[in-house]
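The listed protein sequences correspond, in order, to chains A and B. Going by the working numbering, the first sequence opens with residue 1, and the numbers climb by one from there. Going by the working numbering, the second sequence opens with residue 1, and the numbers climb by one from there.
None of these hints come from the bench; they were simulated from the model. Hints are not guaranteed to be accurate.
Below are the DSS-like pairs computed for lysine-lysine, each with C-alpha atoms no more than 27 Å apart in a straight line [unchecked claim]:
1) B:K79 <-> A:K83
2) A:K57 <-> B:K45
3) B:K79 <-> A:K57
4) A:K57 <-> A:K42
Now the in silico label distances, taken between C-beta atoms and shown as ranges [unchecked claim]:
5) B:E3 <-> A:P70: 27 to 37 Å
6) A:N51 <-> B:C40: 12 to 22 Å
7) A:T13 <-> B:C40: 47 to 57 Å
8) B:I109 <-> A:T76: 34 to 44 Å
9) A:T76 <-> B:P110: 24 to 34 Å
10) A:E96 <-> B:E3: 23 to 33 Å
11) B:N27 <-> A:T5: 25 to 35 Å
12) B:P110 <-> A:M15: 37 to 47 Å
13) B:P10 <-> A:H10: 32 to 42 Å
14) A:G16 <-> B:R41: 37 to 47 Å
Ideal Cβ placement from N, Cα and C applies to all residues, glycine included.
Next come the chains, spelled out residue by residue.
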Amino acid sequence: EPEVTQTPSHQVTQMGQEVILRCVPISNHLYFYWYRQILGQKVEFLVSFYNNEISEKSEIFDDQFSVERPDGSNFTLKIRSTKLEDSAMYFCASSEWTSGSFDTQYFGPGTRLTVL
Amino acid sequence: RKEVEQDPGPFNVPEGATVAFNCTYSNSASQSFFWYRQDCRKEPKLLMSVYSSGNEDGRFTAQLNRASQYISLLIRDSKLSDSATYLCAVNSGGYQKVTFGTGTKLQVIP
Chain A
1 EPEVTQTPSH QVTQMGQEVI LRCVPISNHL YFYWYRQILG QKVEFLVSFY
51 NNEISEKSEI FDDQFSVERP DGSNFTLKIR STKLEDSAMY FCASSEWTSG
101 SFDTQYFGPG TRLTVL
Chain B
1 RKEVEQDPGP FNVPEGATVA FNCTYSNSAS QSFFWYRQDC RKEPKLLMSV
51 YSSGNEDGRF TAQLNRASQY ISLLIRDSKL SDSATYLCAV NSGGYQKVTF
101 GTGTKLQVIP
């Protein structure tokens, strides 16, 4: 069964450093997402990406965040200058795209980001 | 009112019991509804989509009540392996964003 993969599984960084989290969505999917989950809290939407541009973003997704699809398979989330409060589990998800309807999102295993 | 609201639990039930969770949503324009299961420190895994007519998958039954703006999940004959957090998720249309509830923790006890 195809699945979303993410690397690394755990990233430790110093405050102020840049991090790039990587995801390989399911191959025939066209919509990509990043969510985060701070320990003990709910899963929160960050951004959706379709046709090489951001489709929607939340208030959390400020100028410190960016997303990119650098090639045909990878989808990345960059945090330019990490803060302590960026420590969380970051989940990538992908879905098909069906005109006029909502498609189920499938999640990767997550990258646990720890900012020291 | 929160967009998606769930009782965090925990629900502690004996093996074989039937347990039900509810989830309320605030946006009446919401169109798609899901239950995900999340094990500790793992990714959400889709359990089932929720359709207007209700749907069943083995021991799991999901219902949608649009008038009262809630969805429910019923688990029959609980197994130890059902112990997890159950996340309600709602898409409010327009975009592909999904809004999650905080989750309801289920612990099935031998």
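* Mind listing which of the numbered hints don't hold for this structure, in increasing order? => Numbers 1, 3, 6, 7, 9, 13 and 14, in rising order.
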